[in-house]
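K.L.:
Make the full structure from the sequences, and use the hints.
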Amino acid sequence: MHPAILGLTTIVLGVGGCLAYFYLSNQFLDKVLFPASGPHAGRNINRANMIRPWLFLFPAIFALGLYLAYPVFETLRLSLTDRDEGGAFIGLANYSQMMSEPKFWEAMRNNMLWLVVVPAASTALGLLVAQLTDRIRWGNFAKSLIFMPMAISFVGAAVIWKLVYDARPEGTDQIGMLNALYIFFGGDMPQTWLTIPFWNNFFLMVVLVWIQTGFAMVILSAALRGIPEETIEAAIVDGANPFQIFFKIKVPQIMGTIVVVWTTITITVLKVFDIVFAMTNGQWETQVLANYMYDKLFRANDWGVGSAAAMVIMLLVTPILVWNVYNARKEMR
Amino acid sequence: MDNIAGSKSSLTWAVHISVAFLVLLWLTPTLGLFVSSFRTVDQIQASGWWKAPFATEQNLTLRTASPDTAVRQGDLFIIEGNVFDEDARGEIASWGISSRDINAFQPGETADLRREGRVTLQANGDYRLENDGPFEGSRGVRLFATAEVPPELTLENYETVLSSGRGNDNMAKAFFNTLTVTIPATIIPIVVAAFAAFALAWMDFPGRAILIACVVGLLVVPLQLALIPLLKLHLGIGIGKGYLGVWLAHTGFGLPLAIYLLRNYMVGLPRDIIENARVDGATDFQIFTKIILPLSFPALASFAIFQFLWTWNDLLVAKVFLIDSTGQTTVMTNQIVELLGTRGGNWEILATAAFVSIAVPLLVFFAMQKYLVRGLLAGSVK
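Top to bottom, those sequences are chains V and Y.
Sequential numbering from 1 applies to the first sequence in full-length UniProt numbering.
Sequential numbering from 1 applies to the second sequence in full-length UniProt numbering.
Hints are computed from structural coordinates only; laboratory data are not their basis.
Treat the numbers as computed from the prediction; the structure is a model and nothing was measured.
Don't take each hint at face value.
Unchecked claim - Pairs of lysine-lysine residues, derived as DSS-like cross-links and limited to a Cα-Cα distance of at most 27 Å, are as follows:
id : chain 1 : residue 1 : chain 2 : residue 2
1  : Y       : 290       : Y       : 370
2  : V       : 271       : Y       : 232
3  : Y       : 232       : V       : 31
4  : Y       : 241       : Y       : 173
5  : V       : 103       : V       : 248
6  : V       : 271       : Y       : 241
P.N.:
Encoded structure:
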């Protein structure tokens, strides 16, 4: 069968099944279980209305519980068991094994670097672009071009940047832009950028900064637009220069948004796997937690240590999780 | 507000220039890949993509016509012709008859091939091969040259990647696989989340506040946690690795953002409309499908774009829940990673394959940017 037809059939079945659930379950509730007619019409309607929210919510709660809530506990449990001994409880042995591995500490160190550099750089650049494009006529056009990498997959971005970092032997024409520039400005010989320990981390981070700046820009730009004009006019009347206006008037007023952008990018950084996987696969000291975990899981086939690594990632996002819930509850009151 | 006082033209110019510089910086890497995807293998190897509009200097291996085309003129046997193909012409800078010394002769000079005669090569590729006796062998003489080859853009790479390529070079199947993953993985969470968001926004039932808090909390749970337990579960209940599993996984992972976005939007809808409809005897199901859904279109669209981009671009979920050892269900991102491993230096295939996979999200992005921005502003928590 042609792959297109096969795909179409599966699509129709998948989506159709989902729609059928909602339609049929509601029909069943209204027509069969508690019909809104006959002797008990009123009571039936009330009962149906008590059940209906759960009918509406059931697939969502089921999927959320199964795919996000249950794994948190199950991964915790798995991280305390040993697969080879048939899932016996072995306490923190997986964690201590993980911590004795230099690769884990390399991943931790790199992850901390990523966590510092990427959110800071993306937010700062996003803020810069948002501020600069705010006043010029072609600002929206410029913004959509800088925003564009958001649509590109991490894998696609990895290929794009691999071409930038490409290195050819000395003496031949460089086809990687970075090396071409490096030679042009007097560099002695072409560098294989992705294999230089420590610094290669930054070459990988550039890719994520390139993608995330657009996101930061869009949100911060909206926040800048939301600043009441009176405060800025007052500052101008008082003789503030553009830099003072920006740093002393505008930035403090959008601090809340900056924090949201920062934490959002932080979460993305913790989860990011594709860029390292596609560009270096953790070689040359570029390992990060998410890729370390994948390695343990599907290459070393070590579910225990893999789960322990996943729990470390969970631990790192927990403060953000608590803060999010706290904020949401505050807003709802 | 710009020109109330102070800030004047000198700064405005600085702003224009810096924005132009940033835009260029952001665009160039993608442009490089895009240009490369239209160049031939030789061109990519010989020079940077930014030289694509100019002639490049390349080392070529050429061959004269075979001996049976020789003509006899008096005592001499002569073969004449042009070493270039009909469509690819170049300017020869220097040439040679041995691969060890390819710059031995200038255009117009004559080289002695001993038993095979003498050959003269002109700058435009015309050659004249003459010998005192008949030529032997069945193949022409090999010549080596350094030539200026004019720029050439081709769709050949796209043809290879989309139809004629073999093995990993052909993306057509992966393209359909990606579509098969993406379309249901976009629609199913929207349907499920819309019903849930409606219940959370407009229906009264115990535990509603806790549920909303849970959704917000789950927004940040890293999906790495889900890989091991759910893969075990999928294998356990027999759906194994396949489309159903990957749809369910994408649905689960996409739901928190979907519910959060849609609930925030639906709460803002006017209460009057919903209550009037209820008074007129509409059931909740009717209110939902006839009033809420049409009114929520902007929120639905923005989530749909997110989920589409996310599932189209995903690698991890597909690698864990979908791709099996047969490779029949591989998606484009995975195929590109495999190409990176096996054909890391073949930029013509790599660049084109990457561009095929980027094209659809870029189209969606530029067509629906308005909704994407709106969604980001509404739900910048994820």
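K.L.:
Against this structure, judge whether each hint is valid.
P.N.:
Hints, verified against the model:
Restraint check: the Cα-Cα separation between residue 290 of chain Y and residue 370 of chain Y comes to about 25 Å, which is no more than 27 Å; the hinted pair holds. With a CA separation close to 21 Å, the supplied pair residue 271 of chain V and residue 232 of chain Y stays within the 27 Å bound. For the given pair, residue 232 of chain Y sits about 39 Å from residue 31 of chain V by alpha-carbon distance, which is inconsistent with the 27 Å threshold. Only pairs whose Cα atoms come within 27 Å are accepted, and residue 241 of chain Y paired with residue 173 of chain Y is accepted, the gap being roughly 18 Å.
Among the hinted pairs, residue 103 of chain V with residue 248 of chain V is inconsistent with the structure: their alpha-carbon atoms are about 44 Å apart, more than 27 Å. Taking the CA atoms of residue 271 of chain V and residue 241 of chain Y, the gap is about 22 Å. The hint holds against a cut of 27 Å.
Consistency with the previously given hints fails for numbers 3, 5, ordered from lowest to highest.
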